[in-house]
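**Student:** Single-letter residue listing:
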Amino acid sequence: MTESVSKLIEELKRLGGRVEEVKDREVYLVVGRDNLRSLAKALYSTGAYLKTCAGVDERQVQGVLSIYYIFGLDELGVDVVLRVPVTEDDAKIPTIVLEVPAADWCELEARDMVGVEITGRPVRRLVLPEDWPEGIHPLRKDFDYSARPPRRFRSELPEEVGVPLGPYHPALHEPEYFELYVDGEKVVDVVYRGFHVHRGIEKLAESPRFTYKQIPFLAERICGICGFVHSSCYVMAVERAAGIEVPERAEFIRSIVLEVERLHSHLLWLGVAAHLLGYDVGFMHAWRIREHVMVLAEYLTGSRKTYGINIIGGVRRDLNVDKLDRILKTLAKVREEFVKLVEVMLSVPQIKLRASGTGILSRSEARALSVVGPVARASGLYRDIRKDYPYFAYREVSFKVPLYTEGDNLARVLVRVEEVLESIEIIKQLVDKLPGGPVAVESWDVPPYRRAVAAIEAPRGEDVHFIITGVGKPYRWRVRAPTYQNIPALRAMLRGASLADAPLTIASIDPCFSCTDRLVVYDLRTGSRRVLRIAGGVSACPL
Amino acid sequence: MDLAKALKAIRRSIWVYHLNSGSCNACDIEVLDALTPYFDVERFGIKLVGSPRHADVVLFTGPVTRESLPKVVRALKAMPRPRLLLVLGSCGVGGGIWWDTYATIGGFSKLEEILREQGVEVDRVVYVPGCPVRPEAIIYGILVLLGLAEQKVREVEVHAPGG
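From first to last, the protein sequence lines stand for chains A and B. Quick note: the first sequence, position 6, residue 1142 per the numbering used here, numbers continuous. Quick note: the second sequence, position 35, residue 23 per the numbering used here, numbers continuous.
Hint data in this document are derived by calculation from the structure and do not stem from the laboratory. Predicted model, so just to flag it, every value in this text is computed and none were measured. Cβ atoms here follow ideal geometry from the backbone N, Cα and C, with glycine treated the same way. Check the hints yourself; a few may be wrong.
[Stated by the list, open to error] Restraint ranges, calculated between C-beta atoms of paired labels, are given here:
#1 B:ALA66 <-> A:VAL1141: 53 to 59 Å
#2 B:PHE32 <-> A:ASP1581: 51 to 57 Å
#3 B:LYS65 <-> A:GLN1196: 41 to 47 Å
#4 A:SER1483 <-> B:VAL144: 58 to 64 Å
#5 A:ARG1284 <-> B:GLU30: 21 to 27 Å
#6 A:GLY1572 <-> B:ALA66: 55 to 61 Å
#7 A:LYS1465 <-> B:PHE32: 28 to 34 Å
#8 B:ALA(-8) <-> A:GLU1542: 55 to 61 Å
#9 A:GLU1578 <-> B:GLU30: 47 to 53 Å
#10 A:GLU1473 <-> B:GLU105: 47 to 53 Å
#11 A:GLU1473 <-> B:ALA(-8): 43 to 49 Å
Model the full structure from these sequences, guided by the hints.
**Tutor:** See the structure below:
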């Protein structure tokens, strides 16, 4: 614990926090709800950002319902976790959105899922489906994970006249729904209606169907693009909570596969961005190059996606000389073709014109909303978990974190382009330094009621998993995917922008809804202004 | 309706619409993958369209989440007859790893009952399992759906001795 951290803890104690537990990377404090706002303000003003908050039903162990607020101090590499307990009869916690705007969604989620009322702000249903009955909170321990309350089936058409493109939009291939309110060609406001993909993952992990060993395979199915990130983050959280030492070779293998995943994800995104700009040649080429990476992933892990090699305490598959050789050969080919593609793509004048100066997110807005990943780095925020909280084998390699200050769509393209090249270098270094030894620990044991926060730099930004261990399976497992953090920033990016730029801007955060999947219903009336309702995107983009 | 005749009419130009009912993206990305140069199904006349009203075949993915259910039913209602469905991935086929959670209805077989209640008739369904489904399997599935390839898996009834 460094001196600056101790100083901060003293300050938090003075404001009414009580220290529960101090670990290498985390400090846990209990806070009464009356002191929450002042503590949150103090933390935010020292440069912390809100990673997420998590509602937990702790009635069985502590007799209370709690919300855990996880703040990250990326400059110090430490997380501060505030636990606010309340009794079931008086389950009310004041909002902290005024102090910490990034808490908007996760507060509402805790309200939906655990049933803690949030006071001092307008509330609405966020995660649960429209027809879900009031007063049933899935993450309460007395709710059966497979209970299905009766449905109210509505299939009549909405009253407004809409362009029938959403929520199924061919460019993003996931149900998502943005309502853009426009005045002529200018976007006035944006409403996101998502959470179509809420599948009840966190609850499922607590159900009798799952054990610690099986959850990596569940975690991998959170997202079909960055699934390995989720399974890695889950195993890291369990390993930290239980104090399991992972063999070095396993950490290297996990890092190599994580970077392979980043390559395929960024190439995928670059293709989609090119497509949205009307440059389908770039789309096709990016996906052609990506196919080399997919074949490599299958060769290394046995599967094109959902690799299934993470287990608690290590990995299931080792790398041999042939595989290492194949990695280097594939990377050389990918690099050569990728550099050529980017050179051609960025010299197309329309791409530059349409991407530069559109969808601007300023540095101060980026900080207030606690955005993560390439979106943060394109707005001048130096935030990369691989550097700030080094994990697995990232301490052993040197790499550059691309940083741009423009905050526009072009900056976000360039950040990802540079990251592809950096990833290739990282994998080369990892292959070169790969140590010998076993790839998994022989046995392990997870003591109950330990806590840990784990974070991994996913292709889209920081992925956070928070775990409270239980008997045989987690007591509470909270997943916060990067898109969850980045979508609220779209309002800032799109307001005042031209309608034609909206699809690219939405895509520029690389939204991944299956990760986020938790519904927003806004009641917005724009008075006498001409209101045009557009779902999904503007272009009719037939592929 | 004469299904065989209708199938014959579209077999060289198949317009597909991709319907994600809450899947994790992996199958959806493999659908896109099948359209891009490595697999390039456009050479068979398969083309992705942006509206179910234009679709010959719906590529159905996901375990059907509660939130997406009314929208999925509406999208399928909008589809012209014959309604041909290619159900992709473990989730679509049987709900996958989330088959019994509170937030899903558990795959296409459960959706079929709801469609019947709503009066939406489905003319032919082909299931393509896999987690995620491979692009090769998607292409094969379309061929089976249109009757261009024989289905290799058959239903066999096995009785235990004395049973």
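**Student:** Give a verdict on every hint.
**Tutor:** Consistency of the hints with the structure:
1. Here the CB-CB span from B:ALA66 to A:VAL1141 is close to 58 Å, well matched to the stated 53 to 59 Å.
2. Roughly 54 Å separates the CB atoms of B:PHE32 and A:ASP1581, a value that falls within the hinted 51 to 57 Å.
3. The hint said 41 to 47 Å for the Cβ distance between B:LYS65 and A:GLN1196, and at roughly 45 Å that hint holds.
4. The given range of 58 to 64 Å is respected by A:SER1483 and B:VAL144, whose C-beta atoms sit roughly 59 Å from each other.
5. Range check, A:ARG1284 to B:GLU30: Cβ separation about 41 Å, and the 21 to 27 Å hint is violated.
6. For the pair A:GLY1572 and B:ALA66, the supplied restraint of 55 to 61 Å holds, since their beta-carbon distance comes to about 59 Å.
7. Between A:LYS1465 and B:PHE32 the C-beta distance comes to about 31 Å, which sits within the given range of 28 to 34 Å.
8. Range check, B:ALA(-8) to A:GLU1542: Cβ separation about 59 Å, and the 55 to 61 Å hint holds.
9. At roughly 51 Å, the beta carbons of A:GLU1578 and B:GLU30 sit within the given window of 47 to 53 Å.
10. Range check, A:GLU1473 to B:GLU105: Cβ separation about 51 Å, and the 47 to 53 Å hint holds.
11. For A:GLU1473 paired with B:ALA(-8), a C-beta distance near 45 Å keeps the hint of 43 to 49 Å intact.
In this structure, only the earlier hint numbered 5 is contradicted, and the remaining ones agree with it.
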